[in-house]
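Asks: Given next are the chains, with one letter for each unit.
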Amino acid sequence: DSGVTQTPKHLITATGQRVTLRCSPRSGDLSVYWYQQSLDQGLQFLIQYYNGEERAKGNILERFSAQQFPDLHSELNLSSLELGDSALYFCASSEGGVGLTFFGQGTRLTVV
Amino acid sequence: GEDVEQSLFLSVREGDSSVINCTYTDSSSTYLYWYKQEPGAGLQLLTYIFSNMDMKQDQRLTVLLNKKDKHLSLRIADTQTGDSAIYFCAERRGGGADGLTFGKGTHLIIQP
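Protein sequence lines, in the order shown, are assigned to chains A and B.
Quick note on numbering: the first sequence equals residues 415 to 526 in our numbering.
Quick note on numbering: the second sequence equals residues 11 to 122 in our numbering.
Worth flagging that the hints you see were computed from the coordinates, not collected in a lab.
Remember, it's a predicted structure, so these values are computed and weren't measured experimentally.
Incorrect hints may have been included.
Unchecked claim - Covered by chain A, per the in silico footprint, the following chain B stretches (three or more residues, Cβ under 8 Å):
| id | stretch |
| --- | --- |
| 1 | 42-51 |
| 2 | 54-68 |
| 3 | 110-122 |
Unchecked claim - Taking CB as the label site, the calculated pair distances span:
| id | chain 1 | residue 1 | chain 2 | residue 2 | range |
| --- | --- | --- | --- | --- | --- |
| 4 | B | Arg70 | A | Ile426 | 35 to 41 Å |
| 5 | B | Pro49 | A | Arg477 | 27 to 33 Å |
| 6 | B | Ile119 | A | Arg522 | 21 to 27 Å |
| 7 | A | Gly442 | B | Phe60 | 18 to 24 Å |
| 8 | A | Gln455 | B | Ser21 | 23 to 29 Å |
| 9 | A | Val526 | B | Met63 | 45 to 51 Å |
| 10 | A | Ala428 | B | Asp79 | 47 to 53 Å |
| 11 | B | Gln121 | A | Arg522 | 25 to 31 Å |
| 12 | A | Leu497 | B | Gln90 | 36 to 42 Å |
Glycine residues also receive a C-beta, built at the ideal position from the N, C-alpha and C atoms.
For reference, chain A alone in the conformation it holds in the complex:
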């Protein structure tokens, strides 16, 4: 168990809908990262938050947004969903910007 908790584990939704994925980082970790894993793109970095502030952006679509709350948990919001958004979404956390990064079990999103 990495200590990073993600909910839900599975999500099935229709095109055009909006979903929220939730992540609780390891105790004491200030950085939270979101990644998308798909068969064609592999593992892609989406966005990083550090202590509530956005720190870095990767290949995140404008339809996607995230935030980190004062208790350090994070949410990834995906809107206007398309079939191509079906993927495994991982949350990861680290102590700081260069610490070891630990991943949650992921949320498998299926858009139908």
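Following the hints, put chain B in place on chain A, whose structure we already have.
Replies: Frame of chain A, contents of chain B only:
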């Protein structure tokens, strides 16, 4: 190139050593990581190496780093059926603020 490169498949006999290779991209990468992903599971941090090291050993795992060639390898001694998984090489590029950049993963197949 811009990508972290790994071979897609490696097949070894049970009991032999497995060597998984990776070429990374950024000579200023500070940390290099190996993650393991079993079917339906999240990413497990296996081991890591700092860029100022040449080698790191951790039980059955040996990581070798050649900074000149930007080449990283993971050796698994006495490979067991439980080692069957996808192994991802990842680098944290210079600056540390961005997320990890992953290779596409090497599927390790164990033959009895």
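Asks: Any of the earlier hints contradicted here, and which numbers?
Replies: none
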